[in-house]
Every structure is written in C-alpha cells, then in structure tokens.
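With chain A's structure known, arrange chains B and C on it following the hints.
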Amino acid sequence: MDTARGVLSRRGGLVFLAPALIFIAIFILFPFVWVFFLSFTNQTLTGATAVQWKFVGLANYRDLLDFSKWMHSGEFGNALVITLKYVVGSALIGQVGLGLLIATLFNRRKGILREVLFTVVILAWIIPDVVIAFAWVAYLDRDFGTLNKILHIFTPAQIDWLLEHPLESIIVFNTWRGTAFSMLLFSSALATIPPSYLETAEVAGASAWQKFRDILLPLISSHILTDMIMITLWTFNTFTPFLLTGGGPAFKTELMSIYTYRIAFKYFEFGRGGAIAVVVMLVNLTLALGYLAILRKQAVRT
Amino acid sequence: MKTVRLVLSRILFYVVVALVGTFFVLPLLWLLVAPFDAKANLAVTLPSHPTLANFRAVLQNSFAMRALARNTIIQAGGTMLGTTFIATLAAYALSRTAVPAKDLLVYILMLFSSVVTGTAAMVPIFLLIYHLGLIDTQLAVILTLTGGLLPSGIFMMRDFVEGIPRSYEESALVAGANPFQVFRDVVLPLVRPGMMVVAIWAFVNAWGTFLIPFILLRSPENMPASVAIYSFYTEAGTPIITLVSAYALLYTIPVVVLYLLVNWRYGFRFFGGIKR
Amino acid sequence: MRTRIRPLALLALVLALSTIVAACAQPSPTPTQAPAPTKAAATSAPTTAPTAAPQPTAAPVALKMTCRCVEGGVNANLVKWFKTYLKPEFEKQAKAAGKNITVDLVEFGGSDEELKQQYALDLKVGKGADVMAFDGFWVPEFVAGGMLKPLEEIGGPDVKSWEGWSHIPAGLQQLLSYQGKIYGIASGTDTRAIFYRKDIFEKAGIPTPWQPKSWKELLDTARQIKQKLPDVTPLQINAGTAMGEATTMQGWDMVLLGTGIGMYDFDANKWIASAPGIEQALNFYKTVYVDEKLGDARIQLLKDGRNQSFAGFRDGKIAMLVEGDWFWRSVLGKGSEWEIPNRDQIVLWAKMPAIEPGKGYKGQDFVTISGGTGFVLNPNTKYGKEAWQFLAFMNSKEALTAYQDIEPRTRVRDDVPITTDPVLTAMGKALMPLTTVRPMLPEYTKISEEAQRMTERVVSGEMTPAQAMKAYADAVKQIAGADKVIEVK
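Protein chains in written order, with our numbering: chain A, 18 to 319; chain B, 248 to 523; chain C, 161 to 649.
Bound conformation, chain A alone:
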C-alpha cells in the first residue's frame, strides 16, 4: 500500500513521528545496542568480573551453541527446543486454532451468547499475570484442583499436572491465556467478508466445512499469517509460566525467557544474558522472515 503520493508531507510525517522516534531511540535502540555490545563481554553484576571484565569476542555465543552439550537439560538448546514446542503448541495450534474456531462459530451471529463467551475469553487475557498464575496453580493442584475434581468423575487417576506433564500444562495454560487476541483479530477479519459469498455457497449446497475451507480461510489467510507473526514473537518472550513451574521440574519447562532470567539475573551474568537475547532475536527474525516470505507469495497470488 505504498502510494507514491502521501497525504502528509515529509516534514509533517517527521513531526508526527518525532515523539515515537525519541522514545524508541532512548528506550529501545539504545538499550538494544548496549545489550548487543554486552554480549561480547563477560561482564557480571557481582564477582570479580563485575570489576575486571573484558571483551571475549564470540566466546559467549560459542558457549551457548556448544553442540556437545547444548541439548542437556539446563542448557541453551534444551530451552530452545522447549520454547519451540511451546510456541507451536500454544500459539500456532492452540491460540490460532481456538481463536479461529470461536470467530468462525460466531461469524455474523450476534446476541448474548456471543457477548458472554467473548467476554470470558477476554477476561482470561486481561487479568494480571500474578493472579492468573495463582488461579492455575490452584486449578491444576493434584489434591484440591478443580480439574482433577472434574476428571475424577470419569477416572480415578489423580494426576499431578505440573509435575508429570509440565510442558503440556503450560501449553494449555498459554493457549487459554492468549486466545483472545487471535479470536478478536479473526472475528474482525471475518466480518469484512461480504455475506453474499457465503450465501452463494449456501445456495450451491456447500457444507459448513467446505464454506470454511474454500471461502473464509483463503480470504483471511493474510490475517492468519500476520496474527501468527505477532503471537509467535510475543509467545517466544512470555515469562508467565515461570510463576507456575519455575522452569522445572528439572528444567522441563525452562523457556528461553526463563533461561535468560536465570543466567542474566539470577547468576548476574548479563554479558552472557545479552548473547542469549541476541540469538533469540535472530531466531525470531528468521521466523518473521519466513512468515513475510509466505505473505509476499500470497499477495502475489491474489
């Protein structure tokens, strides 16, 4: 949508952009460069290297990506794999899937049911982190938790969710937590589809599934992809599961954000922490570029 003629002049544009540019320069670019810079040092907050630090070149990176041990639990590779599983499971499948389901179900349907359901889903999204973590720890408790109480009707097994299935638990947790955004986005996107398309298909005898697959999906595919980019980036960096599992047991739920926290803030090795953050950013960049390539191909096709 880059038109050759803009409504705003270049100078006008700069003036409007100025506040944002100042903020971004001070609070994003500057710290980013600093962190980047730090990733090549062995600086720590306490200990001898707080006072006598030095440039270590790519040593931090080499250490992170040391293939002989990077997949051991508690190391970088382990955190990366766990995070990828978490992102694919909770964001790409969970949030997108559930969001799409709800949006489609209520497409062009108004009424109290829609309002209530949407509100509940959004509540799950806006309630503060700490509160939600509490509620979920209570929900998943082996002895008292609501989930087990309900499952007890069907099976006698009492499962210790956070201990026996930690990664699955936080994936479901994050799906629950973030679906609202995708749901809202898809809901609005679907609302832009002219009703006539669907009515024509109806007349032609298409089933609900066919309507979905052949009409709705292609028309909102670019929305889906854009949504995926955003939530991939956000999910990659969420820290909330820390409040449920602390990264454990035995590092089984140590997401990148939790791994970074442990290194940069618990151990105060913020030089190394910087390296982790940069590598994570590069991973995110790769994913984003991948999405954008697909988007571009899409745009060319339509």
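To be clear, the hints were calculated from the coordinates, so they are not data collected in a lab.
For glycine and all other residues, C-beta sits at the position ideal for the given N, C-alpha and C.
A hint or two may mislead.
As the list claims (entries may be wrong) - Derived DSSO-like pairs (lysine-lysine); straight-line CA-CA distance at most 27 Å:
#: 1; chain 1: C; residue 1: Lys-363; chain 2: A; residue 2: Lys-166
#: 2; chain 1: A; residue 1: Lys-269; chain 2: C; residue 2: Lys-363
#: 3; chain 1: C; residue 1: Lys-637; chain 2: A; residue 2: Lys-71
#: 4; chain 1: A; residue 1: Lys-269; chain 2: C; residue 2: Lys-494
#: 5; chain 1: C; residue 1: Lys-224; chain 2: C; residue 2: Lys-363
#: 6; chain 1: C; residue 1: Lys-494; chain 2: A; residue 2: Lys-283
#: 7; chain 1: B; residue 1: Lys-286; chain 2: A; residue 2: Lys-228
#: 8; chain 1: C; residue 1: Lys-637; chain 2: A; residue 2: Lys-86
#: 9; chain 1: A; residue 1: Lys-283; chain 2: C; residue 2: Lys-644
#: 10; chain 1: A; residue 1: Lys-283; chain 2: C; residue 2: Lys-224
#: 11; chain 1: A; residue 1: Lys-86; chain 2: C; residue 2: Lys-224
#: 12; chain 1: C; residue 1: Lys-446; chain 2: C; residue 2: Lys-224
#: 13; chain 1: A; residue 1: Lys-166; chain 2: B; residue 2: Lys-249
#: 14; chain 1: C; residue 1: Lys-430; chain 2: A; residue 2: Lys-269
#: 15; chain 1: A; residue 1: Lys-86; chain 2: C; residue 2: Lys-606
#: 16; chain 1: C; residue 1: Lys-446; chain 2: C; residue 2: Lys-637
Unchecked claim - Part of the chain C face toward chain B, derived, beta carbon under 8 Å:
#: 17; residue: Val-230
#: 18; residue: Asp-264
#: 19; residue: Gly-269
#: 20; residue: Glu-274
#: 21; residue: Leu-275
#: 22; residue: Leu-281
#: 23; residue: Asp-464
#: 24; residue: Asn-467
Stated by the list, open to error - Computed footprint of chain C on chain A; a stretch qualifies when at least three of its residues, placed anywhere within it, have a C-beta under 8 Å from a C-beta of chain C:
#: 25; segment: 54-63
#: 26; segment: 225-234
Using the frame of chain A, we list chains B and C on its own:
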C-alpha cells in the same frame, strides 16, 4: 433430511460453545470463591467459613492498598496514555507518508523491543534510568513501559489508520486545514475505536507487569500491586491463600471493569483485522 | 519530486549514535565511586572515607536500614523490634549525646533472591540504604565485585574498639567476612537437626526420646514407621532445586558431612568435585526417595514443596523432618500458618548421625552446619560513623536482650542467653560444638545450586548417583576452574 442436519448442527454448535466456555471459565472460579472463605485452600467449593474478613485484613495493609489504589493506576494509566497517543501519531505518519519499507521497519522495531523488554536488558535499563536520574520514580516506569510497548502498538494502530479512507483528509486539506487540524478533527474521531483497543491493551500490560517496577523502584511507597502482592507471603516464601486471593480479586476488578465499560461504550474489536 | 524519508538509513544512523554513546556509558572497570545522586540533596560528607571533620551537632543525619521484612508479614518480629525498641532508643541516645540522628526502616516484601538482585543493582550505582540485611554467603561475590567494603573502612576507628567483638565467638565473626576482613555482623546463627513427632513414633512403637547413631539406625526407624503406619511419610530430607539453599544446608550438607567430607576442603583450599562420600550421600537419597520410598519425592520436586513439607509435619503426615532451628521457632511457633499448638509436648529433636559413629566430618559421630544472616554497612553511605554506631547499637547486649523478648533464638553474643526456650538452648549447647560453616567464596552460590541439581537428578530418578556425581564434577570444574578442584578416589 435437511432438518435433521440442521438440528444436529445446532446441537453441535451449542455443545462446542459449552465446552469452550467451560474451558475458559473453570480456572477462574477459584478466584471468585477463595477470597470469601476464612479457611481458603486451593479447592473450589462453596466457602466453608464465608466471611469478608480476608478483605478487611487486606484493606488494613496500607502498603499493599496504596500500591493498588495509587501506584498501579498511575503506572498503568500513564503507560496507556503515552502509548496510545504516541502510537497513533506514529501510525498515522507511517500510513500517510511515503515511506519505503515501513513494514520492515516496524517488524525490526518489534524484534528489538522483544530483546529490550526481556530480562537480558534489565541491567542496561536500570543503568540507563539511573543515568537519567529517574530511579525510584513512577515516571521511569511509565516511560520504560511505553517505550517497550510502542512498536507493537504502532503495528496495531497502523491497520486501524489504514482502514480510514484518505478522501476525508484530502478534502480537509483542500479546504485549507493544516495537517494537525486534519489529524485532530478528521482522523482522531474515526480512529477512536482502534485507540480504545490499543489503550486497553497497553493498560492491561502495564497493570500486570512486575519486572520493570521491581527493577526501577525502591521505596515501598512507589511499588505497584504486582510487587505488593508478595507482601502477603510468609517468610518461607509461600502465599497466605486467604489474603493473597482477596488481594488478587481486588487487583483484578479494576481492569475487568475498564474492559466492560469500554466494550459497552465503544465495542472492543479490531476493524478489518490486521492484514500485514 | 518529494524526497522520501529513508527509514532504514535513519535507523542505521540512530544505531550508530547509540553505539557510540553506549560505548562511552560502559562503567570503567574500577570499583565505583558513588556519583552524586541527582535528586537527593547531597551533603558535604564524602561517601567512602569516614568523616574527618566532625559533623556539626545540629546537622540532621538520616539513616536508612533495609531488611526483608514487612510489618505484619514476613519477618514481622524484626520490624517490631525496630519500631518498638531500636528506633526510639537509638534516637534517644543520640539526642542525649547532642546529635540529631534519625533512623528509618525500608521494608522489602519480596524473596531473598529478589532482595539480592536489588542490592546488586543499587550497590553498582552507589545507592542503597546505609545498613543492609545481608546473607553471609552473598558476601564473597559482592566483595569480589567491588561492592562491599570492610567495616573498619566505613565506620572508622570505632569499629576496632567496639566492646562487642569480645563477646562474639571467632567462628561467628567469620559469618560475614571474607579473606580475613569483616564486612558485617551476623544476627545470629542456627543449627540443623532431625525434628520428629513423638506421637507418631509412639504409634509405631518406637521409644522416645530417640537418637539414631548411624544412617542404618535412622533408616531402620523410617522403615519401621513405614511398615506400621503406611499412610505416614517417615523421613523427609531436602533435595532438589526448588528449595534452593535450604536443600543444600538442611539436606545435602547434613548427609554429606556424615560421610566425612564437606563440599569444600578447607585445608587444601579446593572444591571436592567427586569422592566416595558424595556417592554414598547420593545413595542415601536414592534409598530414601527412589528405592524404598521412605520420603515423598514429589514434595522435593514441586515449586512450593517446602511449605508442603511444613504442612505435612503439622498434620502428622510426615514423621521426621531434617530442618534448622528456625523451623522450631518460626514455622512451628505461635501465630504461624503451620503452628502446632502442643509443639513442646509432641515435637522432639535428634542430632543427625554420621554414616557410622566416628566416620563423620572431622571424625565426629554427629554433624550439623550453620549459616548466618546479618547486616552490612553500605560503602556508599554518607554517614559511615553514624551507620556504624547504629549497627553496633543493634548488636549491643541491651538491644539483643530486647529482641529476645520478642523472638528468642541463638544470638550472636555469648552474653545474651536464650532465656525462654529450652529446646533452642539445648540445641545450641549440643550442636554448636559440632558445627561447621559454608565456604565463603564467590562461586559458592553456583556450586551450591549444582549440588541441589545433583540431588534432584537422583531423587527424580533421572540419573544414577554415579552419573549425577559426574555431572556435578564437570559443572564444578567449569565454575571454579580445574585447578581449584580435587577429586578424591
């Protein structure tokens, strides 16, 4: 045959809706029950000892109440205002000015912000704020949070702005208005629903955030609720369930009320959704 | 043709500028002198050296003290002591001496780890309260990071001439010291033992008072309880990373010391990375948690496992718990969530035995270990002399005696007896002669965590003791350096 299919699909619809609804509601039930029970535990049951004493005890903790009633509101409100207005201005500029590769620009900024809002940047952020002389101020928290949220905010606002036809602005320009007037009188009213979405999103993010206030604030008088809730823990680091659940409920209510108000007044949705 | 903004060029320019500024903003690698704070009114007193010129008597001195304490919450007794005794008394005495000194408390409600993080940030930029609650084993890494200074440098000649030193045993003076210099004064110390429930023992037919003399006796008692009372967890001993330092001190050290070695060899000045003792200790854990299920492994793996162990002991679901005396006085005591009302009648304690008599650390039959938290002085303080005066006052006989009335425990001075609690007195008497301390080294925190991890791997069944020990040895070598490590065959 068709009616059977219709009836079945209706039943299926309600079943699915019920399942989805239950999935979302269940974990929240505890929050509605535990604060009212004098012997609250992790189970969801009708209160065995129904009481309001938990709330009374919580309200007496002046440190925690000031955190909630003043500090969190200041931080969340300030961040909301800052992010919304600056993001709208920037999104308008990016949309209406001929800027090459602006998509890429915003994506790159979002990537950078993900680095900077993570724990790896905590020490640099602390030092930055220190050198600005703003340690232990609410302003520092507001500025830092706004900065971190801006790229995503701009990203979201851009699509709201794109959805407004330029013809209105062009007419206004032709009629002799300057760009600021055009923005204020033509664009802002039209883009208000989008601003509401970004405002709520920013408010909610700032309302619940822990790490930045923890790093940048020191005096107990300045701490927000996300930090203050830990004062209801015991020395061993375990939560006192009765008090924590009551405080958590109080902590949750404002943000829920805000959402309900905005939804009722303006509707809370994206318009056309984010396409790019 | 309107020229276009080149956003990417703009971005590159800003990045370049940021790089330059960031490079200049890097703190120079020398101990930080406190830059003048931009908000608070700076006084004329220099920040690090003790004041040479005497303060004019009218100039107000405002001291601040930080601790992990919240009124009505965590460590409430400390707040009470401060508000009811320390503050009024100290300010009164200062006034009588013609000085205008006030002291205020800055309460912190987070976790220990979070307090440490705030300290690290504050001390790095030259801020922070004048008197800071500090855990002993943080001292080495902060000193190595140039963030703490010895008391003498901050408080001046008064420090050396303080009367309190003669009343504090040398071992306790070491709790907040590093490489021969003292950085703070400990609040007290503690010891660890096996706490057990008399009522459960009686039901299982075990005579009390009970004192096992070896691991075999300890385990046999556990087995007997398990047989007679299958619903009760006989023995719970800390393991795993969730409990943090509590695992190392109440768990790992208590078992390891029983095999004759500690984590660190104080004579050779090296860390013990692998040894038969380590494997024996791990096998003890394996027996308890994996093989015979004498302990509940689940509690050791859960994030909030520690309070579950407390609740289990309170409810009679756990028969024996290895804990510190803080457990007796704070956890089981009055007003606590895990309070046992008839604690004095049904909770007894026993010394932790070595694997066999005479085979424990330093050839002892029984073992224990002590920690210590205390208070340090902030090297950035503007009022070094007055801050020291307050610290000395906190540790005077009168002040500590007043504290005993609020919360009786082992105090650091030998002229302040524990008057009201016979258990604490008995524990102190029996265990203090046997105790040892953690090595005060900057890398201790990391190695301690590796030990916790090692126990977690064995208790969860993820690794065998031999494998877990090997992983620990590799980690220790990496943390401490291969030349600071010995491996005992």
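Against the structure, the hints come out as follows:
1. C:Lys-363 x A:Lys-166: 33 Å, violated
2. A:Lys-269 x C:Lys-363: With a Cα-Cα distance of about 40 Å, the restraint between A:Lys-269 and C:Lys-363 is violated, given a limit of 27 Å.
3. C:Lys-637 x A:Lys-71: 22 Å, holds
4. A:Lys-269 x C:Lys-494: 38 Å, violated
5. C:Lys-224 x C:Lys-363: With a Cα-Cα distance of about 53 Å, the restraint between C:Lys-224 and C:Lys-363 is violated, given a limit of 27 Å.
6. C:Lys-494 x A:Lys-283: Given that 27 Å is the threshold and the Cα spacing comes to 34 Å, the pair is violated.
7. B:Lys-286 x A:Lys-228: Distance ~53 Å between B:Lys-286 and A:Lys-228 Cα, so the pair is violated.
8. C:Lys-637 x A:Lys-86: 15 Å, holds
9. A:Lys-283 x C:Lys-644: The given pair, whose Cα atoms are some 23 Å apart, holds under the 27 Å limit.
10. A:Lys-283 x C:Lys-224: 26 Å, holds
11. A:Lys-86 x C:Lys-224: Roughly 47 Å separates the two Cα atoms, so the pair is violated.
12. C:Lys-446 x C:Lys-224: Measuring from Cα to Cα gives roughly 48 Å; hence the hint is violated.
13. A:Lys-166 x B:Lys-249: Distance ~40 Å between A:Lys-166 and B:Lys-249 Cα, so the pair is violated.
14. C:Lys-430 x A:Lys-269: 32 Å, violated
15. A:Lys-86 x C:Lys-606: Cα-Cα ~18 Å, so holds.
16. C:Lys-446 x C:Lys-637: 24 Å, holds
17. Val-230: 5 Å, holds
18. Asp-264: 11 Å, violated
19. Gly-269: 3 Å, holds
20. Glu-274: With a closest approach of 7 Å, the C:Glu-274 hint holds.
21. Leu-275: Violated, about 11 Å.
22. Leu-281: With a closest approach of 5 Å, the C:Leu-281 hint holds.
23. Asp-464: It holds, given that the least Cβ distance between C:Asp-464 and chain B is near 6 Å, below 8 Å.
24. Asn-467: The hint holds - C:Asn-467 has a Cβ within 8 Å of chain B, the shortest such distance being about 4 Å.
25. 54-63: Contact hint for the segment 54-63 of chain A vs chain C: holds, 4 residues under 8 Å.
26. 225-234: violated (count 0)
The structure shown violates the earlier hints numbered 1, 2, 4, 5, 6, 7, 11, 12, 13, 14, 18, 21 and 26.
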